[in-house]
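Going down the list, the sequences are from chains A and B. Each residue of the first sequence is one higher than the one before, starting from 1 at the first, in the numbering used here. Each residue of the second sequence is one higher than the one before, starting from 1 at the first, in the numbering used here.
Just to be clear, a hint being listed does not mean it is correct.
Unchecked claim - Lysine-lysine pairs mimicking DSSO-like chemistry, simulated, CA-CA at most 27 angstroms apart: (1) A:Lys195 with B:Lys124; (2) A:Lys153 with B:Lys124; (3) A:Lys130 with B:Lys108; (4) A:Lys195 with B:Lys333; (5) A:Lys153 with B:Lys246; (6) A:Lys153 with B:Lys142; (7) A:Lys209 with B:Lys108; (8) A:Lys209 with B:Lys88; (9) B:Lys142 with A:Lys129; (10) B:Lys174 with A:Lys153; (11) B:Lys123 with A:Lys153; (12) A:Lys195 with B:Lys70; (13) A:Lys195 with B:Lys88; (14) B:Lys43 with A:Lys130; (15) A:Lys101 with B:Lys142.
Said to hold, decoys possible - Sample of chain A residues facing chain B (criterion: CB under 8 angstroms; computed from the structure): (16) Ala58; (17) Gly60; (18) Phe63; (19) Asp148; (20) Ala150; (21) Asn151; (22) Asp185.
Derived from the structure by calculation, the hints contain no laboratory data. Every value quoted in this text rests on a predicted model; they were computed, and no experiment measured them. The C-beta atom is built at its ideal place from N, Cα and C for all residues, glycine as well.
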Amino acid sequence: MLTTRRRAAVAGLLVAAAISVTGCSSDSNDTSDNIKGADSGESGSATPSASASAEKNAPGFDFPSDIKVSVEKESTGDATKDAILRGVAYAAQARLEAFGKGSGHTVNMNRYYAADPLTYWVQRVATVKKSGLTVTGDYRFFGFEVTDVANGKTAAVRYCEDQSKGYSKEIKTNKVLRTKPSDQDFIGYTLQAAKDSAGDWQVTQQSWKKGDAACVQG
Amino acid sequence: MRAGSVGPVLRAAVAVGVAVALGTGYPAHAGDGQVDGGQGNAKPDQPAPDSGASSGKGTIGAHIRINQSKTGSGGSTSTATSSNANWKPPVCWYEPMYSADEYEKFIKSAYDGAGEPAASYAKKRDEEKYHKGDKGLWWQVKFRNDEYTEACPVTTDNWEIWVPPADPQPDPNKLTPEILSELAYNSTKLPTPPVVLSPDADRLVVNLGTRVKFEGDFDRVWTTADIDYKGVQMAATTVATPVALKVDAGTADADPQTCTYDLVKGKGGYTVDSKDAGCNVTYRHSSGSGTYPFKASITWKVTWTDSADPDGPARQPALPDGLSTFEQNVTVKEIQAVNR
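I would like the entire structure built from these sequences, with the hints used as guidance.
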């Protein structure tokens, strides 16, 4: 039942995306970015670009071909909250992209992270790469929720990541280190987001909990 | 070249060995290794977990210490519940962190290789020369709750602020004794002493007033939050004094359902005896085969002062009353004749 409901929501988003792409066809840059973003998504799944209707300056993600990403995010009906969640969903993908590339010094990391989390993830990406590993598989981001907003410029947000089909991969051998499925594959993130001078919502503080009861799905 | 090519082969052999030894073929951990540990925080240098504010003693933020007076020998405590549901502890504040020289080092290392917009922030500080040579400290934003579930009003423009010794225009989010008092209040643990009922809790009687006796082996509870870091000294102490005991039958089938008694300070602590009181909770129906949740809540008047001395003068703004509740299940029987 859950799956069915999710598919229905996803289908709705795709329709919205199709309309929005047509709607902003006058700006060739935006359109190409949208399409690039859509390419990174799993076929038939919602992508960040799909859910961000008519967004200007949407980021492009350059995932390795063995990584598939889906973002399940619906409109909240509130423009500010939608913008916050859009930024946070981009941040989630920016981090995955950084691990995939083996470098935290990417345009998208700089754009969607600030302060401690930026420093931390840059170091963490380097550590994982140094140990000879990268990431591979299917990633799903869901459960996006704005829990608090202050003065329209900062917010508290949570979201979930499903890594049950995401694995470490040895860079040299391409060997995929498959893991036994468990509740620990579901990670809950809680974070602060703040709007920067360019108008992007950045992750400014972040913590996580593997096996977070609010995120674990059968 | 030959020596170099041996390495990977050996390592691969070792990896196979490990997998066989485990017998599963799966690495022990779940997921993909992006996220370290079961639970964590995206901070460059993760401090060792401390006892936190939940124990009534510990640290908050970077250098704020919490200390609470003993709550008496009698058993259990609970975190103070504010009587005002709208009251919220501070989400974040600026705390003294770096001298000008240390701040320069911090910025140059944390923002090393950073792209925009982080690079602009580092550049802005560099153009300010980190206030080197000036008297003062860089204060950095800190959070009470590391799960970041509430929004902090501090924006990306100022993760740190420069604070001179005599601050002419203090930032509204800068740590103050008032903020410390709220942190102390939020960390306070209050005793929840049991009340003695007569008849006994397992054989209360319909239409007979329930006598409440209470001899609290506790005194006022004070909690100090203080910081003493790089010459910045600040403290606030909250003092919670018990003033009243409210009992609630735990069912609408009681009249009166609730009674409130003033606490009397005796030699050993605070007492109540409702024997001669005009109000005694009186059940009107038996609890049948079940029980009623009888509640006894102590109301605490809370004041605060801007030092570590609990007897210092009370400051404004006032803090809401605190509540600590003891609950016990009681059995109520119908009895035809009462001869006691």
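Hints, one by one, checked against the model:
1. A:Lys195 with B:Lys124: Holds, at roughly 18 angstroms.
2. A:Lys153 with B:Lys124: Holds, because 20 angstroms separates the two Cα atoms, which is no more than 27 angstroms.
3. A:Lys130 with B:Lys108: It holds: about 23 angstroms lies between the C-alpha atoms, which stays within 27 angstroms.
4. A:Lys195 with B:Lys333: Distance ~63 angstroms between Lys195 (chain A) and Lys333 (chain B) Cα, so the pair is violated.
5. A:Lys153 with B:Lys246: Violated, because 43 angstroms separates the two Cα atoms, which is more than 27 angstroms.
6. A:Lys153 with B:Lys142: 17 angstroms, holds
7. A:Lys209 with B:Lys108: Status violated; Cα separation ~30 angstroms.
8. A:Lys209 with B:Lys88: Measuring from Cα to Cα gives roughly 24 angstroms; hence the hint holds.
9. B:Lys142 with A:Lys129: 30 angstroms, violated
10. B:Lys174 with A:Lys153: 18 angstroms, holds
11. B:Lys123 with A:Lys153: 22 angstroms, holds
12. A:Lys195 with B:Lys70: Violated, at roughly 45 angstroms.
13. A:Lys195 with B:Lys88: 24 angstroms, holds
14. B:Lys43 with A:Lys130: Cα-Cα ~20 angstroms, so holds.
15. A:Lys101 with B:Lys142: 32 angstroms, violated
16. Ala58: 17 angstroms, violated
17. Gly60: 16 angstroms, violated
18. Phe63: Given a least distance of 14 angstroms, the restraint on Phe63 (chain A) is violated.
19. Asp148: Cβ of Asp148 (chain A) sits 4 angstroms from chain B, so the hint holds.
20. Ala150: Ala150 (chain A) check passes; min Cβ-Cβ to chain B is 4 angstroms, inside 8 angstroms.
21. Asn151: Because about 6 angstroms separates Asn151 (chain A) from the closest Cβ in chain B, which is inside the 8 angstroms limit, the hint holds.
22. Asp185: 5 angstroms, holds
When the structure is compared with the earlier hints, violations turn up for hints 4, 5, 7, 9, 12, 15, 16, 17 and 18 and for no others.
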